[in-house]
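Make the full structure from the sequences, and use the hints.
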Amino acid sequence: MSTPGTRTRPVRRDAPGRSMRTLALSATFAVAASAGVVATGPAAHADTQSVRLRAAVRGLPVATEVRTGYERSKFRDWYDADDDCQDTRDEVLTAEALVKVTACDVKSGEWRSYYDGVTTKDSSTFDIDHMVPLAEAWDSGARRWTTETRARYANDLGDGRALVAVSASSNRSKGDQDPAEWMPALAKCRYVREYVAVKMRWRLSVNKAEKTTLTKRASTCKNVVIKVRRAAVELQK
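Mapped onto mature numbering (1 follows the signal peptide of the UniProt record, and there is no 0), the consecutive letters of the sequence shown carry residue numbers -35 to -1, 1 to 202.
Treat the hints loosely; a few may be bogus.
Said to hold, decoys possible - Okay, the calculated beta carbon distance ranges per label pair:
no., residue 1, residue 2, range
1, D45, N188, 37 to 47 Å
2, E146, C186, 17 to 27 Å
3, A174, A68, 40 to 50 Å
4, A20, R155, 11 to 21 Å
5, K86, Q201, 37 to 47 Å
6, V64, T29, 43 to 53 Å
7, K173, L63, 36 to 46 Å
8, V27, Q201, 21 to 31 Å
9, R23, A68, 42 to 52 Å
10, G140, T33, 17 to 27 Å
11, A68, N188, 34 to 44 Å
Just so you know, these hints were derived from the structure itself, not from any lab.
C-beta: ideal position from N, C-alpha, C; glycine also.
Below is the structure:
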């Protein structure tokens, strides 16, 4: 455990000035079940995978989305998982700051929203976006997860693509929409890569429109390798 407020972060390699909270490993891309979740017994255990972008999109399972029963309260709010004085929001702000940030409750620093290029020194003008929105995750398989798994998903610091600091306006424009309904003004290929990576990581399905859009977008992007360490997913009994 690090001393509260004194941590330093490695530089993120996928964008200048950003830091990666974790780096993924490599393996093969498994095909998920129609519900969007692959499980061994009650849980799908962590493994790793490495696959090129277009193959990754092709491998995403297609399933009808089910919004029934969704409530924001079914996904836990930010919390301090490692007792280092920073909750998840502050961890992300610290990791993505363009300058060194040392406070427990991060108020100031310097950030750039890759969705729209907006910069700020005031953290209150930025939101932490779930790359795959909570409602979208619910629709795509999370409704079958245990409460603990949904809490880990909502606070996923295990992959630097899962949560991203962006301008409040871009985050609220996105809402709970998937890529068939919303794309950022900038860095669309990066967005597609990161969105697909999070879907892979959590074994989430896509609907037909989502798959079509991701396929078209991926065809215009560099066919880079996506590396992901899949999260352990516990299913309700």
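Checked hints:
Restraint check, D45 to N188: a C-beta distance of roughly 39 Å satisfies the suggested window 37 to 47 Å. As the Cβ distance of E146 to C186 is approximately 19 Å, the hint placing it in 17 to 27 Å holds. The supplied range of 40 to 50 Å is met by A174 and A68, whose beta-carbon atoms lie about 42 Å from each other. Under the hint 11 to 21 Å, the C-beta atoms of A20 and R155, about 18 Å apart, fit the expected range.
The hinted range of 37 to 47 Å is satisfied by K86 and Q201, whose Cβ atoms lie roughly 44 Å apart. A hinted range of 43 to 53 Å for the beta carbons of V64 and T29 is consistent with their spacing of about 45 Å. About 39 Å separates the C-beta atoms of K173 and L63, a value consistent with the hinted range of 36 to 46 Å. Separation of V27 from Q201 is about 23 Å and conforms to the stated range, judged on CB atoms against 21 to 31 Å.
At about 44 Å, the CB distance of R23 to A68 agrees with the hint of 42 to 52 Å. As the Cβ distance of G140 to T33 is approximately 19 Å, the hint placing it in 17 to 27 Å holds. At about 41 Å, the beta-carbon gap between A68 and N188 stays in the expected band of 34 to 44 Å.
Hint violations for this structure: none, all hints satisfied.
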